[in-house]
Each structure stands twice: as structure tokens, then as C-alpha cells.
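Going down the list, the sequences are from chains A and B.
So for the first sequence, the working numbering puts the first residue at 1; every next one is plus one.
So for the second sequence, the working numbering puts the first residue at 1; every next one is plus one.
There may be inaccurate statements among the hints.
Stated by the list, open to error - Quick partial rundown of chain B residues pointing at chain A, CB under 8 Å, derived from the structure: (1) 66; (2) 70; (3) 134.
Unchecked claim - Derived SDA-like pairs (lysine to any residue); straight-line CA-CA distance at most 25 Å: (4) A:6 x B:176; (5) B:305 x A:226; (6) A:232 x B:300; (7) A:232 x B:298; (8) A:6 x B:168; (9) B:305 x A:231; (10) A:6 x B:120; (11) A:6 x B:116; (12) A:129 x B:303; (13) A:232 x B:305; (14) B:305 x A:237; (15) A:232 x B:301; (16) B:305 x A:136; (17) A:6 x B:119; (18) A:129 x B:295; (19) A:129 x B:285; (20) A:232 x B:308; (21) B:302 x A:223; (22) A:129 x B:27; (23) A:129 x B:66; (24) A:6 x B:121; (25) B:302 x A:6; (26) B:302 x A:138; (27) A:129 x B:304; (28) A:232 x B:299; (29) A:129 x B:287; (30) A:6 x B:44; (31) A:129 x B:26; (32) B:302 x A:230; (33) B:305 x A:16; (34) A:6 x B:308; (35) A:232 x B:304; (36) A:6 x B:173; (37) B:305 x A:227; (38) A:129 x B:117; (39) A:6 x B:175.
Derived by calculation from the structure, the hints in this document are not laboratory data.
Idealized CB from N, CA, C, for every residue including glycine.
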Amino acid sequence: MHVLRKLGFYLVALWAAVTLNFFIPRALPGSPVDAVLSKLALRGPVDPATREAIEVMLGADDQGSLLQQYVQYLANLLGGDLGISVTYFPTPVSQVIGQSLPWTLVLVGVSTVITFLIGITLGTLAGWKRGTWLDSLIPATTIMQSVPYFWLALLFVYALSVNLGLFPISGGYDVTLVRPALDYPFVSNAMYYAFLPALTIVLSSLGGWLLGMRNMMVSTLSEDYILTAEAKGLHPRRIMLTYAARNAVLPSVSGFAISLGFVVSGSIVVESVFSYPGIGFTMLQSVQNNDYSLMQGLFLIITVSVLAANLAVDLLYGVIDPRTRARG
Amino acid sequence: MTTITEESAQIDETEKTTAPRRRRPATTLVVGLGIVVAIVLFGLVAPFFTQDPLAVSNDGMQGPSAAHLLGTTQTGQDVLAQLAHATRGSLMVGVIVAVLALLLSAFFGILGGYLGGWLDEVFSLFTNVVLILPGLPLMIVIGSYVEQRGLLLIAFVLAITSWAASARVLRSQTLSIRSRDYVHAARIAGEKPWRIISVEILPNLLPVMSSGFVFALITAILGEAGLSFIGLGVVGTQTWGSMLFYAQNGQALTLGGWWWFVPPGFMIAVLGGGLSLINFSIDAIINPRLRNAPANVRRVQKAEKEAGA
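Turn these sequences into a full structure, and let the hints steer you where they fit.
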């Protein structure tokens with residue numbers, strides 16, 4: 001029952017995202033066709049046939065009712081047809097996304113897991129050792145939390161790449177040295193290029209995990225069962241890990257939804273600083289080139305990925321917290 | 001008789017020792033408020049005294065000097081003047097968004113939580129869906145379709161993507177307050193729902209709402225900065241994000257113009273830090289466990305030490 005409810009919720013969220021994606025272009029002023037035409041008009045006069053051709057290309061030529069367009073749009077989506085990219089003409093949008101998605105998935109996925117582990121560990125310790133010097137670290141982490149991702153990235157690029165030359169300024173790998181393949185030279189090169197973007201994401205999202213975990217630890221440690229465990233003479237480490245931390249981590253896990261949204265949003269801007277060949281950088285290029293079908297395809301993919309990650313965490317939550325299983 | 005007076009005397013004594021501590025505002029609150037007030041004053045007053053932020057001159061990319069305290073941009077504009085105007089712009093966007101987000105979250109959170117039933121189901125489903133959809137990509141899509149991006153449009157877009165988290169908090173708080181005795185009493189006394197919400201429930205939600213407001217302010221300023229940094233911010237208004245956008249496009253990084261891109265981000269970080277400190281002390285007021293825990297542990301440690309000695 002619990003799982004079914006969750007699945008139902010994610011289906012509704014998915015439907016909302018798809019529908020938003022359909023209605024935003026139709027509800028807001030400005031049309032993709034005009035944008036492309038005004039760009040073409042810079043090079044010379046545009047005849048009506050060109051306009052028709054572009055309308056066909058962008059799928060803006062259908063005359064049916066809004067409902068018919070919506071059904072057609074859903075059918076296209078199910079078939080994996082997201083339209084044609086203008087920026088990388090005539091590559092289909094799905095292919096462009098397929099090339100950039102792995103970069104972001106690895107970058108955001110790995111740095112989120114690292115941040116989560118470090119943040120939860122430090123938060124557990126800070127909560128356990130409350131009232132000691134560790135408490136004075138808390139204000140410092142809150143300030144780290146409010147540093148804009150991209151500004152931290154700019155500082156790193158300026159200090160470590162431009163001035164010291166330790167890291168590359170931009171890109172996902174060295175085009176002159178290696179080609180994309182699953183072998184050691186490419187992977188090590190890509191890791192070298194991904195280090196600064198990952199460091200930026202880890203540092204600027206660490207504070208939230210740490211603070212949340214620390215506060216929950218402090219609350220949990222004043223529960224009666226902790227006192228009972230202490231009175232039983234259990235080993236302090238056992239109390240800290242299996243009695244306090246296990247219960248205190250639950251809100252952090254269920255709060256994953258909100259934080260993942262932040263991380264994904266932050267990584268889009270970070271990618272633009274590093275010109276990292278992932279989803280975010282591609283999205284910004286599509287914005288600059290008025291490539292609406294690519295932009296909307298990317299929005300859909302980002303949303304679906306966030307939903308999928310949250311669904312996975314929600315199912316995992318049932319494993320960590322036995323109460324959700326007992327209730328269902 | 002004597003035992004009772006002794007006990008009450010003891011209670012009085014403990015109250016005496018803890019009362020002044022409670023009345024003195026926490027250092028975090030003072031520091032946080034100080035930072036925020038200083039930045040707000042800078043944004044309000046400084047634009048009247050600085051040079052024209054858009055005036056172009058021949059000394060481009062000059063480091064800090066007496067004529068230009070924070071140096072100049074690539075086109076010779078005064079960075080300090082830009083920073084002053086950007087502070088005003090960013091704060092304005094932040095406050096508008098925070099107010100809008102507060103209203104939205106209060107509407108969906110409190111109304112849904114209080115009325116319950118199918119309305120609550122629909123409201124919380126809507127809240128959770130908005131919460132889970134990633135904000136910035138949605139803002140990018142909306143922002144790129146609208147060519148004339150005014151202040152209000154950007155504020156509205158930022159607000160509709162940032163109210164959901166505090167609506168969820170408000171809903172759960174409302175649910176717990178709704179079933180308290182005094183609310184039942186008010187309902188039985190025949191008071192109207194809007195009066196119960198505004199007189200019995202709303203005052204109890206104020207700490208949570210103020211914490212949500214401060215949080216919304218941080219999120220809004222960060223969100224606006226991100227949006228402006230990728231070139232989709234308010235057209236014609238200077239903010240910290242638009243300064244960073246022009247700095248990156250003006251090759252400030254590779255030309256070594258740290259005075260151009262460090263100040264705006266620094267202002268965001270410091271303001272965010274100040275607001276977080278305020279939020280931190282609000283949290284400690286709402287949740288006494290957080291406030292008392294460090295002191296309690298210290299007391300236990302002290303007692304143990306004394307017992308050992």
C-alpha cells in the first residue's frame with residue numbers, strides 16, 4: 001500500500017511536469033518560430049516559404065485544437081520523439097540529451113553521495129559532542145551554505161586554474177589527448193576535469209546535511225530511550241550509531257527531495273562556469289540559441305531524473321525505517 | 001508547610017539564575033541582525049553617494065584605487081557604484097519574492113491543514129508536486145520564453161518555485177495546533193473558521209513563519225543570482241547576479257579582475273550568512289531542546305568533574 005501510494009504520487013508529479021512542459025510555451029508570449037526567424041532575418045530577408053519550413057520543423061504547424069495537440073504531444077513523448085535541435089541541427093533532441101546526460105549523472109550523483117556521507121558523519125559527531133568546540137563550527141557551515149555555487153566555482157577557477165594552473169579552466173576532458181571511451185586514460189582525464197566542479201558542489205551543499213543531522217541528533221539524544229540505553233550501560237559508540245544516529249538520519253533521508261532539487265539547480269550553473277559538457281551547459285546553450293525543443297526536452301529529462309532519484313530514496317526509506325512497513 | 005516554602009524558594013532561585021540568560025538575546029542573533037542591517041543600509045543609502053554605475057570611461061579593468069575604491073569593469077564603469085545599485089536590486093527582488101512565497105505557503109499550508117478533508121489532500125498533493133519539481137530548470141524555461149522580463153515577472157517565477165517547503169512545515173504545525181484544547185473551545189463557542197485561523201492559530205505559527213520568511217529571502221536572493229548569472233534575470237535592473245554575469249562575460253577571470261567578481265558574491269554569502277544566523281536563533285527559540293542541549297551537557301560534565309574531584 002505504501003509503495004502504491006508513492007508510485008501514484010510520482011505518476012502525478014510526472015504528469016504535472018509533462019503538462020507544464022506542454023502549456024508553458026503556449027501560455028507565454030513569444031514563439032520559437034519568431035525567435036528563429038528574427039535570427040535568420042539578421043542575415044537577409046526571409047521569404048514566407050522559409051517561415052512555413054521552420055514551422056514544420058519546430059512542429060508549430062499543427063492547426064488542431066489544444067486537446068488534439070496535447071494528445072499528439074503525449075504520443076510523441078511516448079515514442080521518445082522530443083523534436084529536432086536547432087543548435088545541433090539536424091540532430092534529434094533525444095540524441096543530444098543522450099550525449100550530455102552521462103556527464104551530469106556521474107558528476108551530480110557522485111558528489112551528492114560524497115556530500116551526504118561526509119555531512120551525515122560530521123553531523124552525527126557534532127550532535128554527539130554537543131556543547132564542545134564542535135558547536136562553534138555550526139555558524140561557519142551555515143555561511144558556507146549561503147555561498148552561491150557558481151561564485152565559489154568562479155573563485156576556484158580564478159585561484160586554482162588561472163593563477164596556479166593546477167586544474168583545467170573548462171571542459172569535461174582534454175580533446176587533444178583522449179577520446180571518450182571506457183578506458184583508463186579517458187576516465188582518469190575526465191576525473192581530473194571533474195574535480196573542481198565536484199568540489200564546488202560538495203562544499204556548497206555540505207552545510208545543509210551537516211546542520212540538519214546535527215539538530216536531529218541533539219533532539220534524538222534527549223529521548224527517553226537514549227537514557228535507557230545509557231542506563232543499561234551500553235557502549236557509547238553503540239548508542240551513538242544504532243540508537244541515536246539511525247533515528248536522527250530519517251528526516252535527512254526524507255528531505256532528500258528538496259536537497260536534490262537544490263543540487264541539480266546548482267550544478268546547472270556550475271556547469272556553465274566550467275563549460276562542463278553536461279545537461280546544464282547544454283541547457284544554457286539552448287537558451288542562448290533559442291533552441292526551444294532542446295530546452296524543453298532537457299527540462300523533462302532533468303525532472304524525470306529527479307523524480308526517479310526520489311522514488312529510489314523513498315523505497316530505500318522503507319528499508320531504513322521499519323515503521324513505514326509495519327503501517328502499510 | 002516548611003517543605004513547600006523551601007521548594008518554592010528553590011524554584012525561585014533557579015528561575016532567577018536562568019531568567020537573565022533567557023532575556024539576553026543570543027550572540028548569533030545580534031551578529032546576524034547587525035550584518036543584515038548593515039547590508040540593507042548600504043543598499044538604501046549608498047546609491048545616493050556613488051558615481052553613475054553605467055558611466056563608461058577609458059580606464060577599464062583598473063584595480064582598486066582612490067578614484068575607484070573597488071576598481072573598474074572592462075568598460076571603465078565603477079564597481080562600487082554598481083555594487084551599491086545591485087545591492088538595492090537584489091534586496092528588492094528578495095523581499096518581494098519572500099513576501100509572495102510567505103503568502104502562498106500560508107494559504108496552502110494553513111488553510112489545508114486547518115480545513116482538512118479532500119481540500120487538504122489536494123493542497124498537500126499540489127505542494128509536494130511543486131516541491132519535487134526542480135526549480136531552476138523550470139525558471140529557465142519560463143524565463144527564456146518571455147523577452148520582456150520585468151522585476152515582477154521574475155519575482156513571481158521565483159516565488160512559485162520556492163513556497164512549497166515552508167507550506168509543508170506550516171501544514172504540519174497547523175495540524176498539531178488544530179487539535180489543541182483552546183482551538184476546540186473556540187470552535188464550540190461558535191467562532192467562525194477565519195477568526196479561529198487568524199486569532200487562535202496564526203499567532204502560534206509566527207515563529208515558524210518568520211523562520212520560513214528568512215529562509216525564503218535567502219533562497220530568493222540565491223535563485224535570482226543564479227538566474228541573472230546565466231543571463232535570464234530582470235532586464236534593466238542591476239543585481240548581484242547580473243554583475244557576476246557581466247564579469248564572467250567580460251573575461252574578469254582570465255584578465256585577473258578579482259575586484260569585479262569577488263564583491264557581489266561576497267555580499268550574497270555574507271547576507272546569506274547573516275540571515276542564516278538569524279534563522280539559527282529562531283530555530284533555537286522554537287525548539288528548546290536545541291537551545292538547552294549544549295548547556296545541559298556542560299552542566300552534566302561539570303557535575304561529573306566535581307563528583308570526581
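Tested hints:
| no. | hint | in the structure |
| --- | --- | --- |
| 1 | 66 | 25 Å, violated |
| 2 | 70 | 16 Å, violated |
| 3 | 134 | 5 Å, holds |
| 4 | A:6 x B:176 | 24 Å, holds |
| 5 | B:305 x A:226 | 22 Å, holds |
| 6 | A:232 x B:300 | 18 Å, holds |
| 7 | A:232 x B:298 | 22 Å, holds |
| 8 | A:6 x B:168 | 17 Å, holds |
| 9 | B:305 x A:231 | 19 Å, holds |
| 10 | A:6 x B:120 | 17 Å, holds |
| 11 | A:6 x B:116 | 21 Å, holds |
| 12 | A:129 x B:303 | 17 Å, holds |
| 13 | A:232 x B:305 | 22 Å, holds |
| 14 | B:305 x A:237 | 22 Å, holds |
| 15 | A:232 x B:301 | 20 Å, holds |
| 16 | B:305 x A:136 | 23 Å, holds |
| 17 | A:6 x B:119 | 19 Å, holds |
| 18 | A:129 x B:295 | 12 Å, holds |
| 19 | A:129 x B:285 | 21 Å, holds |
| 20 | A:232 x B:308 | 21 Å, holds |
| 21 | B:302 x A:223 | 21 Å, holds |
| 22 | A:129 x B:27 | 21 Å, holds |
| 23 | A:129 x B:66 | 49 Å, violated |
| 24 | A:6 x B:121 | 14 Å, holds |
| 25 | B:302 x A:6 | 49 Å, violated |
| 26 | B:302 x A:138 | 23 Å, holds |
| 27 | A:129 x B:304 | 16 Å, holds |
| 28 | A:232 x B:299 | 22 Å, holds |
| 29 | A:129 x B:287 | 19 Å, holds |
| 30 | A:6 x B:44 | 48 Å, violated |
| 31 | A:129 x B:26 | 21 Å, holds |
| 32 | B:302 x A:230 | 18 Å, holds |
| 33 | B:305 x A:16 | 60 Å, violated |
| 34 | A:6 x B:308 | 54 Å, violated |
| 35 | A:232 x B:304 | 19 Å, holds |
| 36 | A:6 x B:173 | 23 Å, holds |
| 37 | B:305 x A:227 | 20 Å, holds |
| 38 | A:129 x B:117 | 44 Å, violated |
| 39 | A:6 x B:175 | 22 Å, holds |
Hint compliance for this structure: hints 1, 2, 23, 25, 30, 33, 34, 38 are not met, and every other hint is.
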